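Asks: Sequence:
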Amino acid sequence: MTRNSTVAPPLPQYQPHSHKGEVGKVLVIGGSPSYYGAPLLTALGAESGGADLIWLYLPEQHKLTAQNYSLNFFIRTFTKPYLSCDDIEGILAVAEKVDAIVLGNGLGRKEETQKAILTLLPKIYLPLILDAEALFSEILHIKPDHADWILTPHKKEFSRVFGAEFTKEKIQEYAESWHLTILVKGRIDFIAAPQMLIENTTGCPQMRVGGTGDVLAGIVGSYRAQGLSSMQSCASAAYHYGLAGERLIEKENTLTAYKLVKEYAQLIKEGCRKRL
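Heads up: the sequence shown begins at 1 in the UniProt record's numbering, then just goes up one per residue.
What the hints contain is simulated information worked out from the structure, not anything from laboratory work. Some hints here could point you the wrong way.
As the list claims (entries may be wrong) - Simulated crosslink set (BS3-like; lysine-lysine; CA at most 25 Å straight-line):
#: 1; residue 1: Lys251; residue 2: Lys269
#: 2; residue 1: Lys143; residue 2: Lys110
#: 3; residue 1: Lys80; residue 2: Lys97
#: 4; residue 1: Lys110; residue 2: Lys156
Since we're looking at a predicted model, the values are computed, not measured.
Go ahead and model the full structure; you've got the sequences and the hints to work with.
Replies: See below:
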């Protein structure tokens, strides 16, 4: 089944009598000595998507920066300046508290970090959103059969994972054969799950700037934690995030990922008002 997202996909429905923690808990794992912005933007994306509680695992040297951007994050730090197997026990303890995990943004490609990713993934039974440096071919071969994984690559990352150039036929084939939900980011976003393919056309060329994909991964994680299905989470995040980009570029000549976070939160706020 192929569908074009001309009709807005659903947003999470907020219950007026819910209390803290009932509207999604997200763990973001990312960052390395050279990359502090990526996991922070991911966590801010989850925050703008409405998640109640957000844990952020990142290098110790970036802790203060994260604290300065949000008062809401529960911050944990790696035992080394990068993710390693020494962090797995601590991550699994936090994972018991959350509804979804976003992994990969800014992690870098150290061999020790990739080993930690491959050791960690089979131990997690929550919905997992894998982006950026968590996207490499070896992850497919350690995926548990019924694991709920969402991959959010751009086209080069798609090729890195699957060993083939992106096509509409390939994304559908791999979603079915590996039991995945895949969101391939681009001028047109393609979202595939077994027996379903959605094309999203919202957005603008300026959204190619660094960090925008990190924010999107956080929004997807937020929506998955709030109870949308994996396919709904990707479709709704891509559609509304694209609208936020369109709105922002009408106001300014350029955009940044951080400006998009704020614009997205405002757009969703207006949408929530309409649903009340």
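Asks: Could you tell me which of the numbered hints above are not met by this structure, giving the numbers in increasing order?
Replies: none
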